[in-house]
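Novice: Residues per chain are reported as follows:
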Amino acid sequence: MNLFKSPTIVTAALAFGLAAGGLNADDRLVHDGEFIVDGKIFGLPEARVYTEDYSGPPVVGGYLTAVPNLAELDYEGNRTHEVRMDVIAQQIEVAPGKFYNAWTFGGSVPGPTLHVREGDRVVFTMKNRSDEPVVITEPVAGGSPFFAQVQANPIQNNQPAVSPMPHSMDFHSGTVAANDKWQTIPPGATIQFNWVANYPGVYMYHCGTPSVLMHTAQGQYGAVVVSPKEGFPTEADREYVLVQSEFYLTEDEYSGGYRYDHAAAMARDPSQVTFNGHVNALHDAPLRANAGERVRLYVLNAGPSGTSSFHVIGAIFDRVWYEGNVENEWRGMQTVLLGASNGAVMDFIVPEQGSYKIVDHEFADAERGAAGTLVAGPRQ
Amino acid sequence: MRTLLIILTLVLPPAVAAEDAGIVLIGGGDWELPIVREDTGAPGRVEDFLLDVRQVSNADFLDFVRAKPEWRRDRAPGIFRDARYLSHWPQADALGVGNAAPNRPVTHVSWYAARAYCREMGGRLPTMTEWEYASEKQRDTLSVAPEDYAHELFSWYANPGAGALRPVAEGPAPGLGIHDLHGLVLEWVEDFQLVLGRGDDIDLLTGSCGDTARFLPEFDEAHYATFLRFQSRSNYQPDTTTSTLGFRCAYDPE
Numbered sequence: 000m001n002l003f004k005s006p007t008i009v010t011a012a013l014a015f016g017l018a019a020g021g022l023n024a025d026d027r028l029v030h031d032g033e034f035i036v037d038g039k040i041f042g043l044p045e046a047r048v049y050t051e052d053y054s055g056p057p058v059v060g061g062y063l064t065a066v067p068n069l070a071e072l073d074y075e076g077n078r079t080h081e082v083r084m085d086v087i088a089q090q091i092e093v094a095p096g097k098f099y100n101a102w103t104f105g106g107s108v109p110g111p112t113l114h115v116r117e118g119d120r121v122v123f124t125m126k127n128r129s130d131e132p133v134v135i136t137e138p139v140a141g142g143s144p145f146f147a148q149v150q151a152n153p154i155q156n157n158q159p160a161v162s163p164m165p166h167s168m169d170f171h172s173g174t175v176a177a178n179d180k181w182q183t184i185p186p187g188a189t190i191q192f193n194w195v196a197n198y199p200g201v202y203m204y205h206c207g208t209p210s211v212l213m214h215t216a217q218g219q220y221g222a223v224v225v226s227p228k229e230g231f232p233t234e235a236d237r238e239y240v241l242v243q244s245e246f247y248l249t250e251d252e253y254s255g256g257y258r259y260d261h262a263a264a265m266a267r268d269p270s271q272v273t274f275n276g277h278v279n280a281l282h283d284a285p286l287r288a289n290a291g292e293r294v295r296l297y298v299l300n301a302g303p304s305g306t307s308s309f310h311v312i313g314a315i316f317d318r319v320w321y322e323g324n325v326e327n328e329w330r331g332m333q334t335v336l337l338g339a340s341n342g343a344v345m346d347f348i349v350p351e352q353g354s355y356k357i358v359d360h361e362f363a364d365a366e367r368g369a370a371g372t373l374v375a376g377p378r379q
Numbered sequence: 000m001r002t003l004l005i006i007l008t009l010v011l012p013p014a015v016a017a018e019d020a021g022i023v024l025i026g027g028g029d030w031e032l033p034i035v036r037e038d039t040g041a042p043g044r045v046e047d048f049l050l051d052v053r054q055v056s057n058a059d060f061l062d063f064v065r066a067k068p069e070w071r072r073d074r075a076p077g078i079f080r081d082a083r084y085l086s087h088w089p090q091a092d093a094l095g096v097g098n099a100a101p102n103r104p105v106t107h108v109s110w111y112a113a114r115a116y117c118r119e120m121g122g123r124l125p126t127m128t129e130w131e132y133a134s135e136k137q138r139d140t141l142s143v144a145p146e147d148y149a150h151e152l153f154s155w156y157a158n159p160g161a162g163a164l165r166p167v168a169e170g171p172a173p174g175l176g177i178h179d180l181h182g183l184v185l186e187w188v189e190d191f192q193l194v195l196g197r198g199d200d201i202d203l204l205t206g207s208c209g210d211t212a213r214f215l216p217e218f219d220e221a222h223y224a225t226f227l228r229f230q231s232r233s234n235y236q237p238d239t240t241t242s243t244l245g246f247r248c249a250y251d252p253e
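Just so you know, the protein sequences line up as chains A and B, in that order.
Take the first sequence: its position 112, counted from the start at 1, is 111 in numbering that gives the first Met the number 0, and no numbers get skipped.
Take the second sequence: its position 204, counted from the start at 1, is 203 in numbering that gives the first Met the number 0, and no numbers get skipped.
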């Protein structure tokens, strides 16, 4: 028997270390049964499913933002984040006049971007509020910065909707038993669980409830950015988050507007492919930078089924950290290929004043909307 | 009241009694569920059963709650219903307007409450097999194309019109003489949870990605839409209530 596989003994050994003068004492272990392998925390407590009388902001936490914004990590070392993202239905627009009832985390597609640091712990709470209309376009007391950012740039024209369905949350940034933490909860229920950001990266989160193709195509995904503990080797002047995804919509002959087109989703024939959830998201509100600045993009291809050949016209990626891990460094990349749910951090230096198109270089996708603009001002 | 009607129905030929009594006889037959379930490998056989022609309305359920006040929302034990049980009614024993009007389908009812109602009426909830059998026979009778069925269902799931439900049983009863099997609100069935095998383990279908293909004999839209109904039903808890989930009762022939 390998004694050190026993969580009890590991915990006891750590406690002893603490008593003996704090050598390697690890106060990162919070619950009975947690253990450390290679500096990473595993063995997290079981998820708790319960009912709560909660009707507050559907997104809570200071480090949750609306794309393309990324929250600044204004703290040293590691901390625990209390994060809430409720499931709500929302009518959203993804192209001019093309709106449908989306299933969302927090009310937008993609959902809020969570930013944490490698080693941070997240205590995540999610209530399935798909059976109540929730407004996200009016000032929200106690909500996260996400709301003010959505309200400043309401390109999806988010309107409350009701579409009761069971849902779940799967954070690719977490390392857990999915049948526990990512379990499906019915409308009205709440789930709470811990995960620890063991690895840096740009990660997808999504609903994993079957049929997962429909749940994700309906809009249930977003990004988690886990910044490396020691940071990146370069200093960025601008940071933006881009989430690419496909929509499979067809005219709804029964309710008006548009609806999910399962045949198209199975055939991988999207009606729209977007950056940040609208074909005009990065045209109406282009990214901004100045000549000579280093721009850092945190890019996630959420799929659900397509790849992205991510490219900036007129620039070369000076550094690419595939999956957002500093160990995976590439230099001088023209295009970065991202499969469904791959992410990367990409730096480029803005060559001169002008307009830089951001595209999926798979042009069938670019011409369905996977295109945007970075507008560069003169050298400062 | 409904108990009396059932007795009358049973002594009359079903075809005559159906629309008046509000109950229709569904003739059984050999039949396979459209979803491949791992817990029932044997060929399916559906016996004759009787089914309510229409969904239970708010008025029906108010009568029940008055007769059985232990099922009032302010008295029903918390383990038998979630916090939103009958929350759309203005009072614990009074109806209102809109979705709380007497002729709208009762919603925000738990599986426990639905079962208690049917028992009180001398019946029971239909089994999953019975309900799906009736649904398929209804579509066959009406010659609904599989794609049209799927498209309407996908539309309904994303936009069920929960804010303004229609009255139950509007117009003449179509097909087999059953109203609102699709398009108004979902319905509880007795055995609503799918069982999923996982090696030696079993799981009520709380599954994750990849738990779809093994349930589908065909990957066309109609099977996928049907699976969505099975899946969403399977993830309810017996105390769950929603604004788009009601029920009707079934009865065993004498």
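Honestly, the hints are just simulated from the structure, not real lab data.
Note that beta-carbon positions come from the ideal geometry of N, C-alpha and C, so glycine has one too.
Treat the hints loosely; a few may be bogus.
A few chain B residues facing chain A, derived, Cβ under 8 Å [claimed, not checked]:
1) 30
2) 32
3) 79
4) 81
5) 148
6) 154
7) 156
8) 162
9) 222
10) 231
11) 236
12) 237
13) 239
14) 241
15) 242
Novice: Going back to the hint list, which numbers does this structure go against?
Specialist: Hints 1, 2, 3, 5, 9, 12 not satisfied by this model.
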